[in-house]
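> Could you put together the complete structure from these sequences and hints?
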Amino acid sequence: MSVAIGTEARSPDRRASTRRRSASLIILLLIAVLAVTAIVALTLGAAGIPLSRLPAALGLTGESTAMTARDQLVLWSIRVPRIAAAAMVGGLLAAAGAIMQGLFRNPLADPALVGVSSGGALAAASTIVFTDSRFGETLRFLQTELLPLAAFAGSLATTAILYGISSRSGRTSIAIFLLAGVAITAIANAGIGLLVFVADDRQLRDITFWMLGSMSGVTWTKAAVLAPVLLIGLVACTFIARGLDLLVLGEADAFHGGVDVERLKRISIVMVSAMTGVAVSIGGVIGFVGIVVPHLLRLVIGPAHRLLLPASVLSGAILMVGADTLARTIVAPAEMPIGILTAAVGAPVFLFILLRQRGLASL
Amino acid sequence: MSIVIEARSLSKRAGRATLLDNVGLTVAAGEMVAVIGPNGAGKSTLLRLLSGDLRPNTGKVRLRQRDIANFSPRELAAHRAMLSQHISVSFPFTVEEIVQMGAGERGAHETGVLVDAALEEVGLAHFRERQLPTLSGGEQQRAHFARVLVQLACGEAEHGPGLLLLDEPTSSLDLRHQIDLVEAARRRAAGGTAVIAILHDLNLAIRFADRLVVLAGGKLTADGPRADIVTRETIRDIFEIDAMVHQADDGVPYVLPQSMRAIETGI
Chain L
5 MSVAIGTEAR SPDRRASTRR RSASLIILLL IAVLAVTAIV ALTLGAAGIP LSRLPAALGL
65 TGESTAMTAR DQLVLWSIRV PRIAAAAMVG GLLAAAGAIM QGLFRNPLAD PALVGVSSGG
125 ALAAASTIVF TDSRFGETLR FLQTELLPLA AFAGSLATTA ILYGISSRSG RTSIAIFLLA
185 GVAITAIANA GIGLLVFVAD DRQLRDITFW MLGSMSGVTW TKAAVLAPVL LIGLVACTFI
245 ARGLDLLVLG EADAFHGGVD VERLKRISIV MVSAMTGVAV SIGGVIGFVG IVVPHLLRLV
305 IGPAHRLLLP ASVLSGAILM VGADTLARTI VAPAEMPIGI LTAAVGAPVF LFILLRQRGL
365 ASL
Chain D
36 MSIVIEARSL SKRAGRATLL DNVGLTVAAG EMVAVIGPNG AGKSTLLRLL SGDLRPNTGK
96 VRLRQRDIAN FSPRELAAHR AMLSQHISVS FPFTVEEIVQ MGAGERGAHE TGVLVDAALE
156 EVGLAHFRER QLPTLSGGEQ QRAHFARVLV QLACGEAEHG PGLLLLDEPT SSLDLRHQID
216 LVEAARRRAA GGTAVIAILH DLNLAIRFAD RLVVLAGGKL TADGPRADIV TRETIRDIFE
276 IDAMVHQADD GVPYVLPQSM RAIETGI
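Quick mapping for you: the protein sequence lines, in order, are chains L and D. Residue numbers for the first sequence, in my numbering: 5 to 367. Residue numbers for the second sequence, in my numbering: 36 to 302.
To be clear, the hints were calculated from the coordinates, so they are not data collected in a lab. Some hints could be false.
If you want a taste of the chain D side facing chain L, the calculated C-beta under 10 Å gives, among others [said to hold, decoys possible]: (1) R83; (2) S107; (3) A113; (4) H121; (5) I122.
Remember, predicted model here, so these are calculated numbers, not experimental data. Beta carbons: idealized from backbone N, C-alpha and C, even for Gly.
Quick look at the structure:
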């Protein structure tokens with residue numbers, strides 16, 4: 005072997021460095037696209053801020069006129085936190101989807117599929133109805149604060165129940181996890197249906213709007229919740245990337261390849277529920293980001309998680325900032341729920357991919 | 036010869052069924068052992084116990100004189116490599132990426148040579164950029180074998196020759212690639228690796244293994260050199276078929292199965 009290293013080392017070396025270069029190129033490209041999307045998003049909205057006024061409004065120049073003051077108020081108290089939150093929600097949802105797909109070795113797996121999103125939605129809807137009822141009256145003034153916490157807790161609880169059902173003596177069965185998820189989604193949806201049934205008109209509007217997803221009303225405080233989860237998520241991604249790669253071989257063969265499969269599954273499950281829970285708590289139920297983004301990325305950059313996971317975060321962010329900008333401009337001054345947009349764009353793309361794959365699979 | 040793996044009175048139950056019953060097996064460095072036996076004999080269970088993937092209900096497995104339960108998954112991977120049956124990959128990894136997975140945390144620039152050599156050895160160098168799911172079953176099997184060879188080589192660089200476990204590695208291969216694979220395993224054995232392979236093709240097992248281990252109904256019924264095991268009587272006991280046992284020109288026996296009727300009618 006030592007002889008071979010001397011004579012043949014150059015070609016694999018060159019291949020490896022080309023791959024690394026193209027990987028960092030892709031990340032840089034995605035960052036650039038995200039920056040452009042964010043700048044465009046800053047200028048658009050109910051109160052338009054043209055590109056020429058943007059530097060002043062962001063405080064990059066010393067100018068200060070009445071117009072600048074108005075622009076600054078709109079930007080810093082409404083638009084910037086909202087765009088930041090949209091980017092982080094998109095990144096979290098896409099990464100959660102990618103991790104879950106790796107965990108289930110199934111490109112169609114999604115936090116929404118196993119009821120993690122539905123669990124959060126049920127908890128949020130319950131909070132809306134409860135705080136409006138006679139029993140929850142005392143907590144009504146806290147409704148805005150309670151809603152995200154409840155959604156977060158709901159997602160975590162769902163995942164904990166799922167994990168409890170599907171793991172026995174330290175081992176997790178993916179098949180049971182999936183099937184239990186289907187059952188839990190049904191239970192959660194039944195609960196939401198019941199709440200919709202008993203809710204009055206105003207609550208119904210709240211629940212519906214939240215179920216359809218929206219980034220409106222995001223403040224700095226709300227956006228700040230997302231940042232640490234995303235940061236921890238990104239760090240954790242570098243640790244689980246290789247394990248998720250090997251997991252495509254199956255649990256037994258990932259273990260044969262040196263992966264501590266049980267630990268990998270535990271970390272992945274906690275990550276998925278935290279990322280989904282916190283994203284759902286801010287943006288409501290926004291579907292298809294977690295399925296479509298990683299799926300499209302795999303077609304372009306391949307399935308290796310070391311690149312797929314950070315690229316999913318960036319692409320999910322781009323998609324969500326774009327979708328949110330559309331949501332708040334196409335029917336301005338009203339707002340379109342963002343979940344409608346992501347479903348309207350995401351579902352056809354998803355079907356298109358399925359149709360193409362069906363052609364391949366029958367070969 | 037140093038003992039690489041040693042299993043003592045292994046039993047494995049699943050519910051009320053006994054998959055393995057009091058099986059003992061010791062394999063030394065450089066030995067190539069073929070495990071034979073009918074379907075459901077417990078061959079795959081034995082291999083998974085030896086790999087540390089399953090834990091026995093009773094008995095112990097010692098890898099290099101150390102209880103296999105005390106190895107971390109990563110340590111185990113450096114001492115033994117295993118090729119399973121029926122691996123299906125649902126994401127479009129390329130052949131090269133799959134083979135590279137055998138190298139663990141090591142980077143591509145460090146192990147590229149090993150990957151190249153393994154791809155060359157299984158005859159898939161021209162398919163390195165192809166996506167694994169687009170290859171035929173036999174080609175995929177060879178790609179996974181290359182991955183396992185890379186893992187074995189990486190482990191060998193750290194700890195010396197280790198243990199190679201193969202679960203029906205030739206099941207979906209054509210004749211030429213069956214021979215290629217078994218010869219590749221033989222070369223590892225010649226280099227000091229202990230090889231244990233489940234083989235369904237008796238003649239392949241006879242020709243390439245130093246030693247045959249027979250499992251039937253979860254029990255180890257025979258363990259020894261091929262001359263002791265390959266007789267008309269033992270073949271009948273193990274597989275319940277009548278077979279002719281002849282000798283090839285070089286003195287190695289071969290088995291020619293006859294029909295079941297011979298036994299039933301007592302001819």
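> So, H121(D) near chain L? Judge it on the closest CB pair being under 10 Å.
holds, 9 Å
> Have a go at the R83(D) hint: is there a Cβ in chain L nearer than 10 Å to its own Cβ?
Nearest chain L Cβ about 7 Å off; hint holds.
> Given I122(D) as an interface hint, is its Cβ closer than 10 Å to any Cβ of chain L?
holds, 5 Å
> Report holds or violated for the interface hint on A113(D), using the least CB-CB distance to chain L and a cut-off of 10 Å.
Holds, about 7 Å.
> Minimum Cβ distance from S107(D) to chain L below 10 Å?
Since chain L brings a Cβ to about 7 Å from S107(D), closer than 10 Å, the hint holds.
Consistency note: the structure conflicts with none of the earlier hints.
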